[in-house]
Amino acid sequence: MSEKDLLLKVSDIYIDGRSDEVWHPIIKGASFELRKGEVMGLIGESGAGKSTLGLAAMGYTRDGCKITSGKAEFDGIDLVNASAAVKRGLLGKRIAYVAQSAAASFNPAHRLMDQHTEAPTQHGVMSKSESEADGMELYRKLRLPNPDSIGFRYPHQVSGGQLQRAMTAMAMSCRPELIIFDEPTTALDVTTQIEVLASIREIVEEFDTAAIYITHDLAVVAQMADKIKVMLKGDEVEEAETRKMLSDPTEDYTKSLWAVRSFQRPQKPAVHTGTTPVVSVKGVDAAYGTAKVLHDVSFDIHEARTVAVVGESGSGKSTTARCITGLLPPTKGHIEFDGQSLPLDYRKRDRGQLRQAQMIYQMADTALNPRKTIGELIGRPVQFYMGLTGSEKRRRVENLLEEIELEPSQYYNRLPSELSGGQKQRIGIARALAAEPKFIICDEVTSALDQLVAEGILKLLARLQDTLGLSYMFITHDLATVRSIADEVVVMKDGRVVEQGLKEDMFQPPHHPYTDLLLSSVPEMDPDWLTNLLNERGVENIGDAAVEKM
Amino acid sequence: MSIWIQLILFAVGLLAAGWVFRFAGQKATSNAPFFRDMPTGVAFGYVLGAVCLIWAVWTYYVARTVDPSIANKYFFFRVAVDGFILFGIAAWVFRLLGRTVGTAASRKLFRSMPLTASFGVMMILIYAFVAIFAGAIAPYGQEEILGSANVVPGGNPAMGGNPDFPLGTDQIGRDILSRLIYGAQNTVGIAFATTCLAFFIGASLGFLAAVLQGWLDQLLSRGVDVLMAIPSLIFALLLMTIASAWAGSEKGLLTFYMVIIIAVIDSTRVFRLARAVGLNIVVMDYIEAAKLRGEGLGYLMFREILPNAVAPLLAEFGLRFCFVFLTIASLSFLGVGIQPPLADWGTMVRDLAQFINFAAFAPQVATAPLLAAGAIALLTVAVNFVVDWMLHASSGLKE
Numbered sequence: 130m131s132e133k134d135l136l137l138k139v140s141d142i143y144i145d146g147r148s149d150e151v152w153h154p155i156i157k158g159a160s161f162e163l164r165k166g167e168v169m170g171l172i173g174e175s176g177a178g179k180s181t182l183g184l185a186a187m188g189y190t191r192d193g194c195k196i197t198s199g200k201a202e203f204d205g206i207d208l209v210n211a212s213a214a215v216k217r218g219l220l221g222k223r224i225a226y227v228a229q230s231a232a233a234s235f236n237p238a239h240r241l242m243d244q245h246t247e248a249p250t251q252h253g254v255m256s257k258s259e260s261e262a263d264g265m266e267l268y269r270k271l272r273l274p275n276p277d278s279i280g281f282r283y284p285h286q287v288s289g290g291q292l293q294r295a296m297t298a299m300a301m302s303c304r305p306e307l308i309i310f311d312e313p314t315t316a317l318d319v320t321t322q323i324e325v326l327a328s329i330r331e332i333v334e335e336f337d338t339a340a341i342y343i344t345h346d347l348a349v350v351a352q353m354a355d356k357i358k359v360m361l362k363g364d365e366v367e368e369a370e371t372r373k374m375l376s377d378p379t380e381d382y383t384k385s386l387w388a389v390r391s392f393q394r395p396q397k398p399a400v401h402t403g404t405t406p407v408v409s410v411k412g413v414d415a416a417y418g419t420a421k422v423l424h425d426v427s428f429d430i431h432e433a434r435t436v437a438v439v440g441e442s443g444s445g446k447s448t449t450a451r452c453i454t455g456l457l458p459p460t461k462g463h464i465e466f467d468g469q470s471l472p473l474d475y476r477k478r479d480r481g482q483l484r485q486a487q488m489i490y491q492m493a494d495t496a497l498n499p500r501k502t503i504g505e506l507i508g509r510p511v512q513f514y515m516g517l518t519g520s521e522k523r524r525r526v527e528n529l530l531e532e533i534e535l536e537p538s539q540y541y542n543r544l545p546s547e548l549s550g551g552q553k554q555r556i557g558i559a560r561a562l563a564a565e566p567k568f569i570i571c572d573e574v575t576s577a578l579d580q581l582v583a584e585g586i587l588k589l590l591a592r593l594q595d596t597l598g599l600s601y602m603f604i605t606h607d608l609a610t611v612r613s614i615a616d617e618v619v620v621m622k623d624g625r626v627v628e629q630g631l632k633e634d635m636f637q638p639p640h641h642p643y644t645d646l647l648l649s650s651v652p653e654m655d656p657d658w659l660t661n662l663l664n665e666r667g668v669e670n671i672g673d674a675a676v677e678k679m
Numbered sequence: 007m008s009i010w011i012q013l014i015l016f017a018v019g020l021l022a023a024g025w026v027f028r029f030a031g032q033k034a035t036s037n038a039p040f041f042r043d044m045p046t047g048v049a050f051g052y053v054l055g056a057v058c059l060i061w062a063v064w065t066y067y068v069a070r071t072v073d074p075s076i077a078n079k080y081f082f083f084r085v086a087v088d089g090f091i092l093f094g095i096a097a098w099v100f101r102l103l104g105r106t107v108g109t110a111a112s113r114k115l116f117r118s119m120p121l122t123a124s125f126g127v128m129m130i131l132i133y134a135f136v137a138i139f140a141g142a143i144a145p146y147g148q149e150e151i152l153g154s155a156n157v158v159p160g161g162n163p164a165m166g167g168n169p170d171f172p173l174g175t176d177q178i179g180r181d182i183l184s185r186l187i188y189g190a191q192n193t194v195g196i197a198f199a200t201t202c203l204a205f206f207i208g209a210s211l212g213f214l215a216a217v218l219q220g221w222l223d224q225l226l227s228r229g230v231d232v233l234m235a236i237p238s239l240i241f242a243l244l245l246m247t248i249a250s251a252w253a254g255s256e257k258g259l260l261t262f263y264m265v266i267i268i269a270v271i272d273s274t275r276v277f278r279l280a281r282a283v284g285l286n287i288v289v290m291d292y293i294e295a296a297k298l299r300g301e302g303l304g305y306l307m308f309r310e311i312l313p314n315a316v317a318p319l320l321a322e323f324g325l326r327f328c329f330v331f332l333t334i335a336s337l338s339f340l341g342v343g344i345q346p347p348l349a350d351w352g353t354m355v356r357d358l359a360q361f362i363n364f365a366a367f368a369p370q371v372a373t374a375p376l377l378a379a380g381a382i383a384l385l386t387v388a389v390n391f392v393v394d395w396m397l398h399a400s401s402g403l404k405e
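In order, the protein sequences belong to chains Y and E. Residue numbers for the first sequence follow the working numbering, so the first one is 130 and each next one is one higher. Residue numbers for the second sequence follow the working numbering, so the first one is 7 and each next one is one higher.
Mixed in with the good hints there might be a few duds.
[Claimed, not checked] In silico PhoX-like pairs for lysine-lysine, Cα to Cα no more than 25 Å straight-line: (1) Y:138 to Y:362; (2) Y:553 to Y:588; (3) Y:157 to Y:356; (4) E:33 to Y:200; (5) Y:501 to E:114; (6) Y:362 to Y:553; (7) Y:384 to Y:588; (8) Y:522 to Y:567; (9) E:297 to Y:461; (10) Y:216 to E:297; (11) Y:567 to E:297; (12) Y:522 to E:297; (13) Y:356 to Y:200; (14) Y:553 to E:297; (15) Y:501 to E:297; (16) E:297 to Y:477.
[Claimed, not checked] Derived Cβ-Cβ restraints for the label pairs, each shown as a range: (17) E:303 to Y:470: 23 to 29 Å; (18) E:43 to Y:337: 42 to 48 Å; (19) Y:253 to E:236: 56 to 62 Å; (20) E:58 to Y:502: 45 to 51 Å; (21) Y:148 to E:45: 27 to 33 Å; (22) E:43 to Y:160: 24 to 30 Å; (23) E:142 to Y:502: 42 to 48 Å; (24) E:195 to Y:505: 50 to 56 Å; (25) Y:505 to E:70: 35 to 41 Å; (26) E:303 to Y:667: 55 to 61 Å; (27) E:258 to Y:505: 40 to 46 Å.
Treat the hints as calculated values from the structure; they're not laboratory data. Ideal Cβ positions, reconstructed from N, Cα and C, are used throughout, including at glycine.
Here chain Y stands alone, though its shape is the one from the complex (with noise of 0.2 Å):
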């Protein structure tokens, strides 16, 4: 390498951050160098420091941060100390920024072409006119549909999917020589994951662009990056080439992390025909006022068996699980509970048959009570359909509080939001079995948690499943958790079971086209996976635009 070739040399940065009055390190002396046209990734957990790392290679801390020491040099230029003009001259225009939630980035009031113009405008770079022109060319090349048009219209009028590309096309308006992307893909569907990743690897190879990609996701980062830097609470563990860091891993963190996704349960034997399924839905129809989101929906789950629901967002999954719970009663068929047929809205149904089933929410955040203790949060379902009081009680939250690994006296007092984001899930857990029920709904459970955590989670789950004899609903996007946990698979597509079977044989060819697509959407943490799917497929057949053809 050349000393001309550097384009990006952070050293020994050190960043703090302000909370509760007192400054806390945030990232302890991370370094590392980034040539012209080199993709890093960065990987980690939440809190790791990833994002505020990314942010400090562009010389920007947020709020309640500062970069204590240390230099971030830029072609020559330490960002950490140039002047407020000097960075204004840079970023936008030779460093550019590329946001996880591309929705929450573009400001809704404005047309994406204007937000897409306003920084070759303002740099000087190009003419508004030239810079429309431009932008148009980009959009092409990112394969958003109509480009020409697209551009004209609002934020809320294009996909999630779009919406990220278009951010992307915004951050190459002024062919900037670094970008950093912070999890642009990490809110997308598997399918639209794909294309975004095509198109974004392509186009920073094309502009031989320098970038930073921050995800917490292994496989996607295999695909995209030259190098891999991995990060653990501000501190830097280990960096390396990306096939030397895939297929070698020095640190015992790094290879805990790659280890993740090896959790699998064995495949349990199928049910007996004839056997009463706990959870029966029989020919379920929905709809949101006049439109109909569901047709005709039916699958069992028999006792001590986990059923994964699978689909992309909008395919129904959850909205099956509130037919089942009676939140939004069906409008044809109906739903067994052992054997017997169930009102179908909830509060035509009794306390027992309310305690029967119960339900695990994909963010432990708004599941909780903020303004409850854990006492109070597990206490009350206990007290509710128990009729415990008093010590009783507390003895029996405390066994619940055992039962998902969690020290009954540190934690019994604590509000939620002095836990983690996997103690909450825990809680959440906790409040479940509390009722005692047979029947657990898992609305995409682990999918807003760490890997190391989620496999924790699914675990318990796992082992709760042994002791207690429950069955589970689990709702989920990824493919990989349906792999370790569950027992039969349903797939499910605008509302409609497209295939249903053992976990076993859906992972096993043939399957519906559909089926198959999603599958093969799922990253693998081969870093030719990427190269190899679009040489086979072509650019026109994965992930969203095969969907539409089906």
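Start from chain Y and add chain E according to the hints.
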């Protein structure tokens, strides 16, 4: 030279001074980021602030002279500065006291308290104390008519005061200090009761509408819209006229009607807030979880929603209390509120209002109506300081 040219020259001078200030700062600190990245506007602001401060100090110095012709010009400015410093010191001492005596919990509370909040707490405690023990503290009765009318506040015979009546007497010779003290009891007590009632009605119905939605929500919301469409003071006046016909000569009953009427009218604002906040909370998964558990309406409203709506409701309480207070004062001013001879701050301001005209040459005389107005203002500020602090503390909990 016209005033405009002077003003422009002054601004240009300040701008130049700002530029010099920044330049000097850059040189002195060898280009520290603070001075290096300072926009000209900010430098101008610093200089303007400094000039204003110097002017204030100089004016205060002038106001302290004995010559009444000069001192009177700046009388109110001097009182304001004196009051500001005095209250600041008092609040500081109060906080220091709170940090050293009391239980561990109360000491911890005082340690986390900013000076503004400790001022607010102190003032509220003083008001509460005065209101409760009004009978024991007040030197005279609130209805007692004493010998001399229109005694100037200050207690200085040379200025037309009387040491027996430190805050003077009103037009029919009642002691203003005593009436202020009784006013705390009447005005603050009634305003507090009214606000609490308004919140009870408004928050209950608001949460109910948020949880049940559908036709009940429509009915309540449209009903509230109708009530809000009528100007509140005129509506209150109208209802009070009807109420006074019902109450006849029973003055206590009229006050009771007034509490109800103002509470209902004010509860419409609380309803809107509670409903809006409640609607944001009912979509949360924990409400869904509680519904699926089979919880009743009361539990949902008061155990699940209310604890999460406390912060905005508390902020509204501070504001609403002040508005209720002013509404009562306005109604009393118009003659249908708290009935004479009961002392009420609103009535007192109204009765003595014409003395304001003396402000230019005899500020002591003009002080009379401002005393009751000041009592209202101080309490308003104090309540809002405390509410601000509580909001800050509770939002810190949520991160």
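How does the Cβ-Cβ distance of residue 195 of chain E and residue 505 of chain Y compare with 50 to 56 Å: does it lie in that range? violated, 35 Å
Regarding residue 148 of chain Y and residue 45 of chain E, is the given constraint of 27 to 33 Å on their beta-carbon distance met? holds, 29 Å
Given the hint that residue 356 of chain Y pairs with residue 200 of chain Y, test it: the Cα-Cα distance must not exceed 25 Å. holds, 21 Å
Given a hinted range of 35 to 41 Å, is it respected by the beta-carbon distance of residue 505 of chain Y and residue 70 of chain E? Given range 35 to 41 Å: violated, Cβ gap about 60 Å.
Given the hint that residue 553 of chain Y pairs with residue 588 of chain Y, test it: the Cα-Cα distance must not exceed 25 Å. holds, 16 Å
CA of residue 501 of chain Y to CA of residue 114 of chain E, is that 25 Å or under? Holds: residue 501 of chain Y and residue 114 of chain E sit about 22 Å apart, inside 25 Å.
Pair hint residue 297 of chain E and residue 477 of chain Y, alpha-carbon separation not exceeding 25 Å: holds, 12 Å
Is the Cα-Cα distance between residue 157 of chain Y and residue 356 of chain Y 25 Å or less? holds, 21 Å
Is residue 362 of chain Y close enough to residue 553 of chain Y, meaning Cα to Cα at most 25 Å? Status holds; Cα separation ~20 Å.
Pair hint residue 522 of chain Y and residue 297 of chain E, alpha-carbon separation not exceeding 25 Å: holds, 21 Å
Given the range 55 to 61 Å, decide if the beta-carbon distance of residue 303 of chain E to residue 667 of chain Y lies inside it. holds, 58 Å
42 to 48 Å as the expected CB spacing between residue 502 of chain Y and residue 142 of chain E, which holds or is violated: Given range 42 to 48 Å: holds, Cβ gap about 44 Å.
Checked against the numbered hints listed earlier, the structure breaks hints 10, 18, 24, 25; every other hint is satisfied.
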